[in-house]
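As you go down the protein sequences, you meet chains A and B in turn.
Heads up: the first sequence at position 150 corresponds to 150 in my numbering, and the numbers run straight through without jumps.
With the second sequence counted from 1, adding 268 to any position gets you my numbering.
Treat the hints with care, since some could be wrong.
[Said to hold, decoys possible] On the chain A side, residues computed to face chain B include the following (Cβ under 10 Å): (1) S46; (2) F190; (3) P201; (4) V202; (5) E256.
Hints were generated in silico from the structure; no laboratory data involved.
Since this is a predicted model, take the numbers as computed values, not measurements.
The beta carbon of each residue, even a glycine, is placed where N, CA and C say it ideally should be.
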Amino acid sequence: MANATATYSRGRSTYAALRLSVLQFLADPQWLVPSMIAPVIFALVSFELFRGAGPYFLTYAILGAGMMSMWGQTLYGSGWATGQDREFGTLEPTIQAPTPYLYIVLGRVLWNVVSGLIGGAIVYVVIVAFAGGPPAVPDPAAFALLFVFVMVTLAAVGIVFAAFYVYTRYAGFIQNIGEFAFYIGTGCMFPVVLLPFYTNPVSLIFPPTWALDALRFNAIPGYQGFGWGFWGDLAGAVATTAVYLGVAGAIFHRVERHVLEEGNLSEY
Amino acid sequence: MALATSLRTPYRPSFWRTFWTNAVMAPRTSLGFMRVDFVLGTVFVVPLTQMAFFVLVVRLAGGGASEIEFAAVGNAVATVTYSSVFSVCQTTDSEKEQGTMEHLLVSPTNRLALYFGRGLIPILISLATVAVGLTYAALLFGVKIPAGAIPALAVSVVLTAFAMVGFGLLLGGVALYLRTSIILGNIFLFVGLLLSGVNFPLSSLPLPLQWVGDALPLTWGLAAIRAALAGNSLGALGALWAAVAIAAIASFALAIGLWEYFERRALATGSIARF
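Use the sequences and the hints to build the structure in full.
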């Protein structure tokens, strides 16, 4: 009975966090920037740069800008939410509530995923309109499935970031200054193999790098990605995502216990 | 007697006092993103990552050395938007959030000194950003900067920084009517990448978009910097410098005009809290 009550409470908390995120998104127009305006502009710039470079470069532009939309939401969304909690003074009450903080973050991350998808769809429509037709995708069903999977990997990163942001007031700095570094590191617009070899291990820490490479293997015939190919990428993406989710759970557990024991959350 | 005299003649700070106070205080109060870590990141990290990103995209698209050079220079200069436009246009938001807008509007301070003062630090940071960006372009992306081009390049960069900060103040003026300036700042942060000839020549865009691009100071500043790097004649450079200077003067004048109009309206209707 107690378990049932706890489960219900957690589900309700996640739903409430999701609902609040939707309402805040609708009320505050600044969210149009990372999720829609910036990706559409990046898509148009890359479309112009890729013009005449072959039929599959359209996929690069759409995938890249779609990824940027999701990255933007993940980076800004998870950091902003914690920052707002700090500003409003709701971080402490939220963390000391019976529902684990992870379930609150989960609701926010769910909305980031959905809004990232919406941003990706807008990018798709704009680029198709400019290009005069849809991109050549050999297997649209697999493409859609993998696209959603890329989103899940990003959500995993978002959850870890959100946990980390509890401990720092530098969320804004990481988002704004690190934005392009994340785009480069995870190969949003180009294969990571284009980067110097010694940077690859850093890129491979992030699950979206693997997932996006797998998606490109699937969507772009003759794609030159990592040597281990599509299945290797997929396995890597699943493994790193699982690690991220495990790490996120552990961090949240530790963060909550630590700040509740020490009572020093306001110091961060 | 002395008290009565001081009550009759309100204290008016001098032009330079207002200018200097705003130059020193604005980064700590109303300008956005002026913490030391943000400034260092804007000057040293953002130009590098933004240039690397677009250069890699150009490389993937099969671009040669000239296209890579074009994108590297374009993005080195475009990063000036963070410190000039994005940061400066947030002054309005900050004043509203901190509740100081009403006090500012009823103060007798010289508005010209106030706006120029607020622009001083962003101009200096913009200069540093472009200088660092062009250094990266030369060291990492093969952009040639002949020693003879440096004086003309310096003039172009300084004019561009002034014009961009003026544009930021102008957007801040527009933002007086908006609930938030973040959207406006962000739009112009990114729109320059598309419409100012940052990554590809403006001529490859449809004509109406070229016209929009021509209205942006970044377009002219970038053209002047590219012309200086190419070692163009003083005649050709002079025309571009004049265009950038006109963009700067027009931006500052429009910004002051907007603020004055808004002030009159706000004082007449007492409706400042509505915006």
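Results of checking the hints against the structure:
1. S46: It holds, given that the least Cβ distance between A:S46 and chain B is near 6 Å, below 10 Å.
2. F190: The hint holds - A:F190 has a Cβ within 10 Å of chain B, the shortest such distance being about 4 Å.
3. P201: Not OK, violated: A:P201 not within 10 Å of chain B, min 18 Å.
4. V202: Violated. Min distance 13 Å.
5. E256: violated, 28 Å
The earlier numbered hints that this structure contradicts are 3, 4, 5.
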